[in-house]
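Visitor: Got chain R; can you put chain Y on it based on the hints?
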Amino acid sequence: MIAELGLAALWIAATLSLMQLAFGGFALRADGEALLRTVRPVAVAQAVLVGIAFLCLILVFLRTDLSVALVASNSHSAKPFVYKFAGVWGNHEGSMLLWVTVLAIAGAAVALFERKLPQRTLIATLAAQAAIGLGFYAFLLFASNPFERLSPAPVQGNGLNPLLQDPGLAFHPPTLYFGYVGISIAFSFAVGALITRDVGANFARAMRPWVLAAWIFLTLGITAGSYWAYYELGWGGWWFWDPVENASLMPWLAATALLHSVTVLATRDALRAWTVMLAVVAFSMSMVGTFLVRSGILTSVHSFAVDPQRGFFILILLSLYIGGALMLFGLRVGTVREGATFEPVSREGALVANNLLLSTILGIVLVGTLYPLGVEAVTGEKLSVGPPYFNSAAGPVALALVAVMAAGPLARWRKDKAKAVLSRIAVPVLIAALALLGLMLFAPGLRILPLLGIVLAVGAGAASVAPLWKRNLRRTPLFTYGMVVAHLGIAVCLAGMASESAFTKETLVAATPGQTASVGPYQIRFDAVDPIAGPNWTANEATLTARRGSGAPFVMRPQSRMFSAPPTETSEAAIATRLDGQLYTVLGKSDEQGRWQLRLWWKPFVTLIWLGGSMIALGGLLSLIGRVRRGRREVAE
Amino acid sequence: MKRRLIIWIPLAVFVIFVATVAFSLYAPAERVIRSRMIGKPVPAFALEAAAPGHQGLTSADLAAGQPRIVNVFASWCVPCIAEAPQLLALAGQGIPIDAIAIRDRPEDVADFLAKWGDPYQRIGSDRDSRVQMAFGSSGVPETFVVDGQGVVRYQHIGDIRPEQVSEIAAAYEAAK
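Those protein sequence lines, which keep their order, are chains R and Y. Counting from 1, one number per residue, gives the positions in the first sequence under this note's numbering. Counting from 1, one number per residue, gives the positions in the second sequence under this note's numbering.
Calculated from the structure, these hints are not laboratory results. One or more of the hints may lead you astray.
Claimed, not checked - With the Cβ distance kept under 8 Å, some of the chain R side facing chain Y (calculated, not the full set): (1) Gly311; (2) Leu315; (3) Ser319; (4) Leu320; (5) Ile322; (6) Gly323; (7) Gly334; (8) Val367; (9) Leu370; (10) Tyr371; (11) Leu373; (12) Glu376; (13) Glu569.
To be verified - In silico negatives: residues of chain Y with every beta carbon more than 12 Å from chain R: (14) Ile9; (15) Ala19; (16) Ala64; (17) Pro79; (18) Ala82; (19) Leu88; (20) Gly92; (21) Arg103; (22) Ala114; (23) Gly136; (24) Asp147; (25) Gly150; (26) Val165.
No residue lacks a Cβ here, since even glycine has one placed at the ideal position from N, Cα and C.
Chain R on its own, in the form it takes in the complex (with noise of 0.2 Å):
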């Protein structure tokens, strides 16, 4: 019954976006004044389907109601509360569903809370956002049915992917997506401008914290997710260029540029078509990114069912929409006036700077993870791109942003002289020879990317905070704070990076309980492997005592579990987290002599990629809350 319902729920859902595209079409005609007010209450009306149809797919879920094909085939009856929920989005029809959830609701926030974007151009930019909708309600009714039932209803069910059965799942998802749709509404803006000729600075502030709000969530679901895979996947990597990791990071990468241009055209009224190009492009790549992971067309840790005819189904609507797109906006952004110009020593030749090198880097990450197809489409051979690439092509350009980043926000708005650039960067720039020099000093041989890496991020931690210098930090703006803390939390992180890549010790080791092993500045004893179980599996789980130096030991319990449904193995590290790192431990295979493999790592100060990535967040919520008063108050005005 609850799946019917959902299954009702979501076509009234499809029907509504198909009223919100029609009305919008029409009010958007001179004749059709009418249907204006129309449009807004029918977009708040499909959110709230669609999430009751979602509602209902959660509760089928939690029942462990297996005549439902989708709960048999990923659900089990053993499986903990956490992770029946956390299964509703552990596959593709549940996470489609997600998806068009998260459509509507960004679609309905606009209706509701978009004030200041001129009426026509609201109502167009809420027509696009029905027009994707559309489409993926197709998919899903048609293609990814999630309330298909079966008969006869199986007796148990299938159980959920084990590397997927970890609290982090149960979170990363849904905020991820949250940032990957919810960039749609930057795309349904442009395409909304672009159909009113209505490009410029008060489109621009309008669009600002939509994008800011979804940038916000992208950046923590990746943040969340690079930890998950640290953790969970038992390779002690946090990114491994994975073609999954790299559809988030496209976007991310997008949107990051999107940000610093829409702030040029709020602030300058210039870069008007590249700014609504990269909207496009945010949004083409979040589509670009599900199509590539749920097609299956590129092989990939995060495999998922695969299944060609929904690839093509999904290929279509990427091209429907992104063609569309970009055709409107090969047709219409000639007729959008040039914007203002300004000299390149500037603050906005800063942030175009900062567009070119972030395109470069999207553009380095696509071709590194479209090759592979490319190739295929014309040899046959299969090949797959690692990370020797991305590291050696993305990571120079990637020091270079960082570098433009420290300096960027010390330079005035449409002309500035170098020197006066130079004059306030100065402090940092020393503070960061400084760093050269004791790492050449104290860590010599450092490889050079980690090395410039160290650096760069002292320098530029440095220089991030330099705006605030002299500055009465009462009157001092929220939105600059955010900015401030975003990049000190880029600093941060690129510290994290570099250090654990320059720094981290490996030990590798077959050992007998009661041997002992060191690893960096600990001492690790092994003492006992015993068998435990859990709610639905068992594992070995290892006794590790670890001690530094003459500190106090402490004791580590890495394991090596077996799930029963699915039959799979996974690895839990064990992680002790320091000020200056964490210690790392996995227990592998055991051989015939009774000894087992332990995986030591000491990463000094990796935690700060995390840290770094929480702090850029941190930096779009306070610029998000700064925009958003400011906004109101100026409304009142």
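Guide: Below, chain Y alone, put in the same frame as chain R:
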């Protein structure tokens, strides 16, 4: 004029992307990475019996005129338990299956077979994974179809899922 052209570049890039991807989707989907061993004779080897009641396996056994399936497995491998029913189903269809047990002990193999079923005819014991690597196999379980002349015709990486049984059976028929 220049601006006019630049404006269309994104659309052009996107069209190329769609064309490439559509081609990849349309092209026969061989999502399993094919082995370099396909079309090549099996490496020369002679393995002792891995479990009581079974004979050992040599490369000569795989070139005896009839196609055979060779399953690479281990008693300590959990996915091997998952694929056991599928191997039993294949054996039930009259397909001869030999096995190579990787880094295993006879008593463990015997336990494994007693618990999860025994679809195998010959089982060779590959204590140091040498033969496994010569087969171009990097993990357990893996399954090979070898024709009557001892030439590898098919390789399946990972456990055989229930829906893949027919695929393996078809590969066996094709090797006849």
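Visitor: Each hint: holds or not?
Guide: Hint by hint, here is what the structure shows:
For Gly311 of chain R, the interface hint holds, since its Cβ comes within 8 Å of a Cβ in chain Y; the closest pair sits about 5 Å apart. At about 6 Å, the closest approach between the beta carbon of Leu315 of chain R and any beta carbon in chain Y falls short of 8 Å, and the interface hint on this residue holds. The beta carbon of Ser319 of chain R comes within 5 Å of a beta carbon in chain Y, closer than 8 Å, and the hint placing it at the interface holds. Interface hint at Leu320 of chain R: violated, since its Cβ lies 11 Å from the closest Cβ of chain Y, which is beyond the 8 Å cut-off.
The interface hint given for Ile322 of chain R is met, as the beta carbon of that residue sits about 6 Å from the closest beta carbon of chain Y, less than 8 Å. Interface hint status for Gly323 of chain R: upheld, as the beta-carbon distance to the closest one in chain Y is roughly 6 Å, under 8 Å. Taking 8 Å as the C-beta cut-off, the interface hint given for Gly334 of chain R holds, the closest approach to chain Y being about 7 Å. For Val367 of chain R, the shortest C-beta to C-beta distance to chain Y is roughly 11 Å, which exceeds 8 Å, and the interface hint is violated.
The beta carbon of Leu370 of chain R comes within 7 Å of a beta carbon in chain Y, closer than 8 Å, and the hint placing it at the interface holds. At its closest, the beta carbon of Tyr371 of chain R sits 10 Å from a beta carbon of chain Y; the interface hint therefore is violated under the 8 Å criterion. A distance limit of 8 Å between C-beta atoms decides the matter here; for Leu373 of chain R the minimum to chain Y is near 5 Å, and the interface restraint holds. Here the hint on Glu376 of chain R is kept, as its CB sits about 6 Å from the closest CB of chain Y, short of 8 Å.
Because the closest C-beta pair between Glu569 of chain R and chain Y is about 5 Å apart, less than 8 Å, the hint holds. For Ile9 of chain Y, the shortest C-beta to C-beta distance to chain R comes to about 9 Å, within the 12 Å cut-off, and the non-interface label is violated. Distance check for Ala19 of chain Y against chain R: the nearest CB is about 8 Å away, which does not clear 12 Å, and the non-interface claim fails. With a minimum CB-CB distance of about 31 Å to chain R, Ala64 of chain Y clears the 12 Å threshold, and the non-interface call stands.
Chain R draws Pro79 of chain Y into its interface by the beta-carbon criterion, the shortest separation being 6 Å against a cut-off of 12 Å. Ala82 of chain Y, annotated as away from the interface, has a beta carbon of chain R within 12 Å; the closest lies near 4 Å. Every CB of chain R is more than 12 Å from the CB of Leu88 of chain Y (nearest about 16 Å), matching its label as outside the interface. Remark: the non-interface label on Gly92 of chain Y is consistent with the geometry, its nearest Cβ contact in chain R lying 21 Å away (cut-off 12 Å).
Taking the minimum C-beta to C-beta distance to chain R, about 7 Å, the non-interface status of Arg103 of chain Y is violated against the 12 Å cut. Once the 12 Å rule is applied to beta carbons, Ala114 of chain Y is consistent with being away from chain R; the minimum gap is 18 Å. Every CB of chain R lies more than 12 Å from the CB of Gly136 of chain Y, the least distance being 15 Å, so the non-interface label holds. Against the 12 Å criterion, Asp147 of chain Y stays outside the reach of chain R, whose nearest CB is about 24 Å from its own CB.
No Cβ of chain R approaches the Cβ of Gly150 of chain Y within 12 Å, the least distance being about 26 Å, so the stated non-interface status holds. Every CB of chain R is more than 12 Å from the CB of Val165 of chain Y (nearest about 17 Å), matching its label as outside the interface.
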